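Listed here are the chains, written in short residue letters.
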Amino acid sequence: MIELRDVSKIYQIGDERVRALDHVNLHVHPHEFVSVIGPSGSGKSTLMNIIGCLDVADAGQYLLDGMPIEAYSENDLAQVRNKKIGFVFQSFNLIPKLSAEENVELPLIYQGVKRGERQARVKEALERVGLENRAKHLPTELSGGQQQRVAIARALVTRPSLILADEPTGNLDSHTSQEIMDMFKEMHEQGNTIVLITHDNDIAKQARRVIHILDGRLTEVNL
Amino acid sequence: MLSLKMALRSIGANKMRAVLTMLGIIIGVMALVVLVSLVTSATSTVTDKVSSLGSSLLTVTVSDDKGKPVKLEDLRRWVDKEDSVAAIAPYATASVTGKYALNNGSFTVYGTTPDYYQINGLQLLMGRFLKNTDIDNSSRVCVIDEQTAEDLIGYADCVGEVISLDGQKYTVVGVIETEEMSITSLFLGGTMTAYIPYTSLIRLSDDTGTTIGSFYIGAADGYVVADAERDMKQLLLERFDEDEDAFSISSVNLIEEAMSSISNVLSILLGGIAAISLIVGGIGIMNIMLVTVTERTREIGIRKAIGASRHTILRQFLIEAVVLCMLGCALGIFISWGILQIGSAIVAGTAMTFRLQGTVVILSVLFCFIIGVVFGLYPANKAAKMKPIDALHYGG
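Heads up: the protein sequence lines correspond to chains A and B, in order. So for the first sequence, my numbering puts the first residue at 129; every next one is plus one. So for the second sequence, my numbering puts the first residue at 1483; every next one is plus one.
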């Protein structure tokens, strides 16, 4: 599913070279629920960007579904993100002037899915996150938890191979956080592959497999 | 279709700004459409007037008569023969000295026939113009213009007075209005004018004989000048052994030609000025699109993260710029239409009417589209080139 081989990423900040990822090796199997935990500055955002095909590594190899990502052009990467990856962000990242259903519809429009099918799939995705009666609302008219559920619906609607969540509970209270985590667990049980990135131990622990990241290096934690 | 809806929505999200942005385009289009329409309408009104004043005349000059000289009788026969020809008037000129009592002055004398009056659209003030009997009898009669009457005789009401042209006595039988802007008066400014029978000029001037070298042709009602020109050409070709170089036919439509070239120059000039304001409007669009792209950096990041390609983003912002331009264009055309309607209402009753010119409308629509594309391309490209991670983390 995901295979990182000796991946490195170096940022140049002023005169200083920061090694955000230092020869990282990682293997995630299909239907796994993995969480990556680390403090800020540990390189977990860089890892997420690379796994999410938002950025490419400086060295090493990244295989997604067996395909090497390094060789891809920017437009190819956009297609990979569109078809294979569903993103859930800390700050929800919904487009403010589009309604809930339009936000969920967007990745399908980019895929070129026909209108009728689009509507059916949007409806199904919103039902799955329990927001079918909030479809016409704008993000500003929804609570944080509801916005995150719209974002999850948007991630699910393309039936991606991988759901990539970056601090999905970071902006939510503990009660809502738990709701969202239950949703991830449910998605996992339904067969989705999930990589969850967080700095919160309680959240990380809820995954089957927990990986620590510190100074750009990974260590496997066995619970 | 979907992207069009999206574009309209993001424009609608900030109506005040959209209207202010479009103002440049609206004013540019208004300037273009209103000015060019005014010039064209005014010109066509004036040209109509000019052509109604008998400018539909042809001049024929025979340079080589092949031993078959054109006589007065030929002209009369041709008028009867060709339906498209209403009148033919020979003309020859001579410069003579005119005298009345103690006054004298240099004259340009036109020897012609009664048809000259109609063909050249002269206006009779008193008395009469030349008659056919004057031609037949080589009568010593003349028609002078008002200015000549005042200069030589001292007053305009001078029918019946006798003037002397190179010593021959001519009776004034009519006075015509002075042609103020006539081309001849421009060149021969200051000389006086008299019209006498062609046959009389033969006696007055050694240079003029019974052979006619030049004559005017007037087209008949219901025919255009081109019809008369075609028929006359046919006829003259037959007479002169199919030799096209033996004669020349030219339509003397100097006023119309001058009018149309003036109006073309004006249209291009005003259109050019309006085009500059359209370009300024386009820069305004580019400016606001750049602001929009910066404001929506995060949105661009989200769109890219969930799979929008460069091309998709480029198209989204380009369409937005073009839609903004076209909305401005439509508003501008609508306002122009209103202005022209009001203008027409004000000048109602005069011969003027102001109409929206179809060509300039099409031209401004095309121009606005091009401006939308040209000035939208840079901001749209800037949006398309953003890296998804940079755009996502922008401002939060």
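Note that these hints are calculated values from the structure, not bench results. Hints may be right or wrong, so weigh each one.
Not everything, but these chain B residues come out facing chain A in the computed CB check (under 10 Å) [to be verified]: (1) Leu1484; (2) Leu1486; (3) Ser1492; (4) Lys1497; (5) Arg1499; (6) Thr1522; (7) Ala1524; (8) Ser1742; (9) Arg1778; (10) Thr1779; (11) Gly1783; (12) Ile1784; (13) Ala1787; (14) Gly1789; (15) Arg1792.
DSBU-like mimics (lysine-lysine), calculated; alpha carbons at most 30 Å apart, straight line [to be verified]: (16) A:Lys242 / B:Lys1548; (17) A:Lys242 / A:Lys264; (18) A:Lys264 / B:Lys1563; (19) B:Lys1869 / A:Lys211; (20) A:Lys211 / B:Lys1487; (21) A:Lys242 / B:Lys1869; (22) A:Lys313 / A:Lys333; (23) A:Lys251 / B:Lys1487; (24) B:Lys1563 / B:Lys1581; (25) A:Lys211 / B:Lys1867; (26) A:Lys212 / B:Lys1563; (27) A:Lys225 / B:Lys1563; (28) A:Lys225 / B:Lys1548.
One-sided and incomplete, this derived list gives chain B residues near chain A with beta-carbon spacing under 7 Å [stated by the list, open to error]: (29) Gly1754; (30) Ile1765; (31) Gly1766; (32) Ile1788.
Please read these numbers as outputs of a predicted model, since none were measured by experiment. We treat Cβ as the ideally placed atom computed from N, Cα and C, and that holds for glycine.
Status of each hint after checking the structure:
Proximity of Leu1484 of chain B to chain A holds as hinted, the smallest CB-CB distance being about 7 Å (cut-off 10 Å). The interface hint given for Leu1486 of chain B is broken, as the beta carbon of that residue sits about 13 Å from the closest beta carbon of chain A, more than 10 Å. Checking Ser1492 of chain B against chain A: minimum C-beta separation of about 7 Å stays under 10 Å; hint holds. Given the 10 Å rule on beta carbons, the hint for Lys1497 of chain B is violated: about 13 Å separates it from the nearest Cβ of chain A.
Against a cut-off of 10 Å between C-beta atoms, the interface hint on Arg1499 of chain B is violated, since the closest Cβ of chain A lies about 14 Å away. Hint status for Thr1522 of chain B: violated, given a least beta-carbon distance of 44 Å to chain A, over 10 Å. Interface hint at Ala1524 of chain B: violated, since its Cβ lies 48 Å from the closest Cβ of chain A, which is beyond the 10 Å cut-off. Hint status for Ser1742 of chain B: violated, given a least beta-carbon distance of 53 Å to chain A, over 10 Å.
Here the hint on Arg1778 of chain B is kept, as its CB sits about 9 Å from the closest CB of chain A, short of 10 Å. Given the 10 Å rule on beta carbons, the hint for Thr1779 of chain B is violated: about 12 Å separates it from the nearest Cβ of chain A. The beta carbon of Gly1783 of chain B comes within 8 Å of a beta carbon in chain A, closer than 10 Å, and the hint placing it at the interface holds. This hint holds: Ile1784 of chain B has a C-beta 5 Å from the nearest C-beta of chain A, less than the 10 Å allowed.
Taken as an interface hint, Ala1787 of chain B checks out: its beta carbon lies about 5 Å from the nearest beta carbon of chain A, inside 10 Å. Among the interface hints, the one on Gly1789 of chain B holds; its C-beta lies about 2 Å from the nearest C-beta in chain A, closer than the 10 Å criterion. At its closest, the beta carbon of Arg1792 of chain B sits 6 Å from a beta carbon of chain A; the interface hint therefore holds under the 10 Å criterion. Annotation: proposed proximity of Lys242 of chain A to Lys1548 of chain B is violated, straight-line Cα distance about 83 Å (limit 30 Å).
Proposed proximity of Lys242 of chain A and Lys264 of chain A is supported: the alpha carbons are some 20 Å apart, at most 30 Å. The straight-line distance between the Cα atoms of Lys264 of chain A and Lys1563 of chain B is roughly 84 Å, outside the 30 Å bound, and the hint therefore fails. Restraint check: the Cα-Cα separation between Lys1869 of chain B and Lys211 of chain A comes to about 19 Å, which is no more than 30 Å; the hinted pair holds. Between Lys211 of chain A and Lys1487 of chain B, the direct Cα distance comes to roughly 25 Å. Compliance with the 30 Å bound is thereby established for this hinted pair.
Between Lys242 of chain A and Lys1869 of chain B, the direct Cα distance comes to roughly 28 Å. Compliance with the 30 Å bound is thereby established for this hinted pair. Using a Cα cut-off of 30 Å, the hinted pair Lys313 of chain A and Lys333 of chain A holds, with the two alpha carbons roughly 12 Å apart. Using a Cα cut-off of 30 Å, the hinted pair Lys251 of chain A and Lys1487 of chain B holds, with the two alpha carbons roughly 21 Å apart. About 42 Å separates the Cα atoms of Lys1563 of chain B and Lys1581 of chain B, which puts this hinted pair outside 30 Å; it is violated.
Under the criterion of a C-alpha separation no larger than 30 Å, the hint pairing Lys211 of chain A with Lys1867 of chain B is consistent with the structure, at around 21 Å. Taken as a hint, the Lys212 of chain A and Lys1563 of chain B pair is broken in the structure, with Cα atoms around 90 Å apart against an allowance of 30 Å. About 81 Å separates the Cα atoms of Lys225 of chain A and Lys1563 of chain B, which puts this hinted pair outside 30 Å; it is violated. Between Lys225 of chain A and Lys1548 of chain B the CA atoms are separated by roughly 88 Å; this puts the pair beyond 30 Å, and the hint is violated.
Look at Gly1754 of chain B: its Cβ only gets to about 40 Å from chain A, farther than 7 Å, so that hint breaks. Contact between Ile1765 of chain B and chain A, as hinted, is not supported at the beta carbon level, the nearest pair being about 26 Å apart and thus beyond 7 Å. Proximity of Gly1766 of chain B to chain A is violated relative to the hint, the smallest CB-CB distance being about 23 Å (cut-off 7 Å). Checking Ile1788 of chain B against chain A by beta carbon gives a least distance of about 5 Å; that is within 7 Å, so the hint holds.
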